[in-house]
Structure formats: C-alpha cells, structure tokens
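Take the two lone chains, each set in its own frame, and fit them into one complex as the hints suggest.
Listed below are the residues making up each chain.
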Amino acid sequence: MTEIYPIGGGKGGVGKSFISASLGALIAKWGHNVVVIDLDLGASNLHTLLGMKSPKLGLNHYIDKTVRGLESVAVPTMIPNLFFISSFHCSMEIANLLHAHKLKIISAIQKLPFDYILLDLGTGTNFNTLDFFLTSKEGILIGTPEPTSIENFFRFINTVYFRILKQTLKRSEFHSAVKDAVTEMSGATGGTHDILKIVSKYHPDKVTDLKNKLSEFKFKLILNQFRKNMDSTLGNKIETVCNRHFHSNFQFVGNIGYDGQIHDAVYSKTLYVHKYPHTQSSNDLKKIAKKITGNRRPTSLPKEIS
Amino acid sequence: MKYFDGLNYYEILKIPENSSFLEIKQAYRDAVSIYGEDSLVTYSLFSTDEREKILKIIEAAFFTLIDGNQRAAYDRMLVDSGQSDTTFISGQSQKQSEPVFYPGKAADDDQLADDATIKNQADEEKQLSDEILSKSSVSGKDLKKLREALGVEIHEIHSLTRISVSVLNAIEENRLESLPPDTYLRNFLKLYAEVLQIDPLKIVDGYFKHISRVQNTD
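Going down the list, the sequences are from chains E and A. Read in this note's numbering, the first sequence has 321 at position 93, and its numbers run on one by one without any break. Read in this note's numbering, the second sequence has 541 at position 203, and its numbers run on one by one without any break.
Okay, chain A solo, but in the shape it has when bound (with noise of 0.2 Å):
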C-alpha cells in the first residue's frame, strides 16, 4: 500500500498547480467522497488509523491551498525547495476565471459513455448552469441555485472578489433598491460569474434583462 509519501498538497488534491477557488473547492470535494468514512470506494483498504491520517493530509491541503495567503506561502515554500519551478507562483500565473460553463457546449455523449467518466455531481452542475445559460434573463434566484450547487459560500465570494456581503445578498435576492449603480452591478456580476466560473457575459446581460422585466412589470 502507498500513501501520499512526497506528493505536494496540489498532487494529493490532483489539481494543477494554477488551479482556481472552484476547482480547489470540486477537488476537496471528490477527495472526501473517495475517503471519506461512508465511502464505498475505499471500503475496507484502509484501517481507521490509516483513514483519519489521510483525511487529515486532504484537509490540511484544502484549508491551506483555498486560503490565499497561505496558499502564496506555500507556492513559495514549494518554489524555495525547489519541488516546483519558479514559472509558477500563486497569484501570477493562477487561473482566475476560465469559465466552464457556456452556453450550447454539449457534452459528447458518445464520448462520453465510452470513457465511462460521466461524473453524477459534474452532470447536475452542467445541467443547471446550462438551464440558466439558455434563459434570456438571470434572476438572482437562479445565481443563488448555481452557488448553492457548486458548494460555495457567499463569505468566500466576498473575500475572492471584496464586493460587500450586503451587496451580493442584495443582488441573489433581487432588491433592486440596493443594488449599486449599474456600472459597478455590471464590475460585480463579472467578478461573481468568474468565480462561478459560468460565462460573465451571459449573465451580466441576462440579469440586467431581468432587472429591466422587473421594472417594467411594476
């Protein structure tokens, strides 16, 4: 039996180094379900002992990796002693927001099926985001149905982004008396969708449709 003997805590999430908040945030996730304590994945391989020692490295990556000020210490260290090249530091070269999720990119099926690697979860999340993508206007409801299905909280925008909590709920919630001017609602659902990783462009121009409905209905 191997562990995760000299692998870097990127390598035992098997993320890549540039890896953004969300991909850091789906990697914790798939590593809980393969060894987390109900998982029929690891059923019986390994003993408690063994289990909690693995849970407890996969946790000290995530908190230290998702954290942006540990995470450049990290880089660093990994740099310093030179387990990584100097290409990459934390920041520079990160991936901040290559959005996964646009309009119209249908899965193969096909291919899909073949290579046996349709993932449950990664279905759903595709699934919402599309049936938001396809709308012509975004409401606040739906941003808050996508975030609550990706596992991220509105704490961790915030310190992503700095938009302020009131903000953000202001915005999922629709109170469009709240809201900040437009070109700032438009900086800000750009940062948020980016985050999301879900195409900016569609859901800046779909919310604003939304909010032009909203108002001419009253």
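Chain E extracted, bound-state conformation (with noise of 0.2 Å):
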C-alpha cells in the first residue's frame, strides 16, 4: 500500500522542502522505502537540503519523454532506501505546466511504487499547486506561530476545499445557476460557504454529498520553528478550531522547535537530520515521523538505529 503524503501550507519559507526532506529520511531509514517528490516548480532546491547536488534526471525527463516511467528519474539518495525526483531542470515555463502534463505527472505519481510518496510544494495557492496538493487525500499542512503563517495557512485551507467542490460541480450535473455562480467566485475568502449555499437552494439534496466528499480528506498539521517561550497548546487549539469549522479531519502531529544548526544545515548543504540526529528538533521529527507511519512494518530491515 502507497502512502502519498503531499505536504503544503502557503507560506514560504515555514519549512516545506526541510520538513519534506526530513521526514523523508527518518522513514526511510526505519525501513520504508520513500520517495520525496520537489513539486515547487521553477524554485526546487529540495536537492540541497538532501545535501546532495541536483541530479542530472528530473522530472522534466519524463514530461518530454526521455524515459518512460516517472520512477526512472527516480534517483538515490545518501541514505538507503530513500529517492528523490528533482525538478531542477524544469525551466521556468514549466512552472506554467500544460494542463494535460500536470494530470500526466499526477497519475503516474498515484502509481509509483514505494511505501511512502512525500511531494514537495511550492508556495502559494495556484492552481498546480492545489492540484499537486490534491493528489491524495491525506496530507501535511505546514505553518509557523506568527499570524502572516496562520493567515496562509487558513488561506491554503480555504483554497483547496474551493477547488475540491469546483471540480465536483464541474463533473456533475448541476444547475447552470450553480455553475455560473461559481466560475464568478474567487476562493480567496470562505467560499465554500456560499457554494454549499448556492447548491442547497437548487440542490438541496446534494449539499450532503459535498459535504461528505470535504469530509473524505484528512490533513495532518505541523507547527515548525516553535520557540520555547510560545503558547505549547497552540497546535491543538487549531486542530480543535478546524476539526470544529470545516468538514474534514485534522490532526496535530507536533511542533518542531526552532534551532540555529538548521541554518546551519542548508548552508553547509547538508541533511540536518543526518547530522545532527540528537538535536531537539530531530527529535521532534522523529516523533511526527513515527505519528505518520504509525506501526506500520518497514518493508526492508533500518538500515541504522536512531
């Protein structure tokens, strides 16, 4: 069984490619064989804190069809049974990937075969990122505790259930008056509030129907760059707020507290928690880590204890 975890939250610089290369690493080394995705196209530096230099394959090689299956450009890492997909030859326009090229890459990142499929995202609430986002319907919300973070971070929420219910209606039949409404609405504020409401005046049957498909995903959240002095429930009061006030489930995993030796890390291109795997902050990710692969029996034996 594959577990795609694409791992998000709006804001740059929370920690989305540290956390994706991170936890990616300590699953691998328990044993499961991973692969971490960098999805932020045209800004991928994923690679660098795997501390390794950008690979010759990537993603681009599969989207022109140099090779034909995308775990071809699937390449190792420095820790066993951990690969990377880089997409740092992807040029600029692929940022503006083709609409047909992005279901390509999502389809065959659905079937590749590896316990774990963890995708990097890139800042931000555009549509390739939404769609990347909604490859699955677990993933991992990244934020920091200031308010430009939470901001974003209940932005991204907001944005991603405005789509999940535009691509419901736009498959199905719905009213024209519907479908108007919503191709008028911009999803940058509760928008899935006046959807459900435009739906139930003339659908009110199928309001439950979208609301249970809201309900089918399940989004695990993760605090990082947490300082001592900081509000230590803050994490749980936002999965209570929004396991209260949207429709799906979330879930608190953990803080990451703050630590200079990251930056450290990255300068010295370095895998922070190959380093320095003692640290409070490896510590922390160990501990999501384990939250996300639960007791799940790793595939091959770790190769390493920590």
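In case anyone wonders, no lab produced these hints; they're calculated from the structure. Just to be clear, a hint being listed does not mean it is correct.
[Unchecked claim] Computed list of lysine-lysine pairs in DSS-like fashion (alpha-carbon distance at most 27 Å, straight line):
id, chain 1, residue 1, chain 2, residue 2
1, E, 456, A, 483
2, A, 352, E, 441
3, A, 340, E, 425
4, E, 439, A, 352
5, E, 446, E, 425
6, E, 429, A, 479
7, A, 340, E, 439
8, E, 398, A, 340
As the structure is a prediction and not an experimental result, all values here were calculated from the model.
Written out as structure tokens, the structure reads:
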C-alpha cells in the first residue's frame, strides 16, 4: 500500500522542503521505501536540503518523454531506501505547466511503487500547487506560530476546499446558475460556505454529498520554528478549531523546535537529521515521522538505528 | 465553514453535561483563548461579525451554565426537548468535587510530550497545587494563591458553598481570631478545597497544622 503525503501550507519559508527532506530521510532509515518529489516547479531546491547536487535526471525527462516511467527518474540519495525526483531542470516555463502534463504527472505519482511518497509543494495557492496537493486524500500542512503564517494556512485550506468543490461541480450535473455563480467566485475567502449555500438553493439533496466529499480528506498539521516561550497548546487549539469549523479531519502531529543549526546545515548543504540526529528538533521530527508511519512494518530492515 | 449550529451549550464549551463549576470556568477561558479577538489560533479565520457572533454564543453558554438556577432551567429544557436523556439533571449527577489535584499524581512526561497536549496554563496550575500539597502545612495565603491562579473569585466560592465572605477572607488571611470553631472550620475548608478540586483531606490537615504552628510560635 502506498501512502502519498503532499506537503503544503501556503506561506513561503515555513520549512516545507526542510520537513519533506527530514521526514523522508527518517522514514527511509526505518526501512520503508520512500521517494520525495520536488514539485516546487521553477523554484526547486529540495536536493540541497537532501545534501546532494542537483541530479541530471528529473521530472522534465518524464514530461518530454526521454524516459518512459516516472520511477526511472527517481535517483538514490545518501540515505538507503530514500529516493528523490528532482524538478531542478524544469525550466521556468514549466512553472506554468500544461494541464495535460499536470494530469500525467499526478496519475504517474499515484502509480509509483513506493511505501511513502512525499510531495514538496511550492508556496502559495496557484492551481498547480492545489492540484498536486489533491493528488491524495491525505496531506500535511506546515505553518509557523506567526499571524502571517496562520493567515496563509487558513487561506490554503479554504482554497483547497474551493478547488475540490469546483472540480466536483464541474464533473456532475448541476444547475447552470450554480456553475455560473461558482465560476465568478474566487477561493480567496470563505467560498465554501457560499458554494454550499447556492447548491442548497438549487439542489438541497446534494449538499450532504458535497460535505461528505470534503470530509473524505485528512490533514496533518505541523508547527515549525517553534520557540520555547510560545504557547505550547497552539497546535492542539488549531486542530480543535479546524475540526469544528471545516468539514475534514485534522490532526495536529507536533511542533518542531527552532534550532539555529538547521540554517547552518542548509548553508553547508547537508541533511540536518542525518548530521544532527540527537538535537531537540531532530527528536521532534522523529516523533512526527513516527505518527505518520504508525505501526506499519518496514519492507526492509532498518539500516541504522537512530 | 461550520459554526455552532445545532450544538448545545455544553457542546459549544466542549464539556460533559455533569461538569463542575471549575471545569466550566476553565472551558470558558479556553474558548476565549481560541476565539478572542487577539487569539493567534483563529487569526483571520473569521470576519469581525462572525467572531462577535461566536463570542456572544460562548458568553451566553458560560453565563447560563455557571449560574446554578439558570443551568437547572437550561438542563430541564434540554431534557424536555429531547436533546439530552433524563439520566442527567443538573444537581443530581453533577460532579461536585472530584479532586483533580492530588499529591504525587505526577504527569507522565513522555506521554504528555508524545501526545503534544501539554497545556501551559494547566501545567502552571498543576505545579502550584503540587507545591501546596507537598507542604506539610498549608496557609491561607497558599489557598488564595491557588484560587487566584484558577481564576475563581471569593464571591463565587461563597455562592457555591454558602460560606460567608468574611469567613472565607479570614481563612485566606490566616486571621485566627475570626475563624469559626474547629468542626465548622474543618467542614468549610473541605468545601473550599472541593470547589478548587484539590485534595480536601490534605488541605484540612495542612491548614490545621499551619494554625497550630502559628499558635505555638506566639
């Protein structure tokens, strides 16, 4: 069984790539087969956080059909069982990916033969980021304990919801008034409530279906760059609020303590959890990784006990 | 976005129907820390209007449940309208005094950290009550400190226990000459401790030890 976790959260600089690389490395060290995919097209730098040079092979070779299967561009990393798909050589134009190419990538990701697939997504809420996020019914949302990040975090959930509803409406029989109204809306603020309101006017029977659609999704929340003097209940409270006011399932999986050495590791282009396995932040990451794998048994023996 | 549609006051505050006075207070404090205007938790999630509406509902829930008479009427309404089963009626099965603070009831650090459910404020309260319970003698000052940390007013203890405010003040201020006879005092201390949900036996013993110590040094 393959578990796919897109890693998003709206704001830039909250540590999406760092957490993708770290969780990938930890889960792989425990003996699971893992691939991390850099989907921050046009601004990719996941390879640096994995402590490697940009590989020659990448997503672009799959898009331009140099290779047949997406798995052929997954390259090994310094961690056994951990593979990496780069988008470094995807040129800037590819950041405006063709719709057909996007669908091709998404469907190829869903077929990749790994235990865990982590998708490192770009900043913001553009269509590519949202569609890649919706590759899976599960996702990881990253934020930091700052108003700007919290704001983008909620905006991200709202736009994801808006995208899900819009796609569902497009695919099925709905009154043209509903479709027109939705086309005019933007997902920036609270569109979900408005869509459900319009739908309930024309198709009262379908509101529950739409809500059920949203409730199929499960999101894990991580707060990064957490400093000691902060309110340690913040994550749990955000979880409570999300479960109360959104329709999906939200689970807070932990804080990651702030550590200046993380920046040092990035500067020296090394994989932090590998170089500093026993720091507070690495321990925080291990606890989070453990919550993601749960009791699942590894496919191969753990290579290293840490 | 969902709001509190269809939820009763207990569900809005996320507390069981037999919650004690202290639990209601704490739940209210938690709710305000989540939905208050300056809260980081819900920053930008609601419009000013929505937030005001939510806070109004939370306040209505709190002021109804914290008042014995209003709560009883509300509970009856829940039962009559079929929103709650008849096995509970406020005052009958309502939890009066289950102490949550015991000596040596140490939190399992590992488990707490794993669950990521550490609560700053709750931690502080636990620490304070542990500190008080670990003392062999408990002064009125200790009691006052704990009461204030829990956000409980003296008149609230009065309305729950019917102990007069002047006696409560005398207890907290260690004014021996104004304290009632021992049998009464014993009972009053027990009621006081029950409201704050701290081990009553320890408090009664500790307070009497404190009194005798003061009397001996005189």
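Status of the hints after comparison with the structure:
The suggested pairing of residue 456(E) with residue 483(A) holds, with an alpha-carbon distance near 26 Å, which does not exceed 27 Å. As the CA atoms of residue 352(A) and residue 441(E) are separated by approximately 26 Å, the hinted pair is consistent with the 27 Å bound. Between the alpha carbons of residue 340(A) and residue 425(E) the distance comes to roughly 12 Å, so the proposed pair stays at or under 27 Å and holds. For a cut-off of 27 Å, the pair hint linking residue 439(E) to residue 352(A) stands: about 23 Å separates their Cα positions.
Of the supplied pair hints, the one linking residue 446(E) and residue 425(E) holds, its CA atoms being roughly 24 Å apart against a limit of 27 Å. Taking the CA atoms of residue 429(E) and residue 479(A), the gap is near 62 Å; set against the 27 Å cutoff, the hint is violated. For the given pair, residue 340(A) sits about 11 Å from residue 439(E) by alpha-carbon distance, which is consistent with the 27 Å threshold. Pair hint residue 398(E) plus residue 340(A) holds up; C-alpha atoms about 24 Å apart against a cutoff of 27 Å.
In this structure, only the earlier hint numbered 6 is contradicted, and the remaining ones agree with it.
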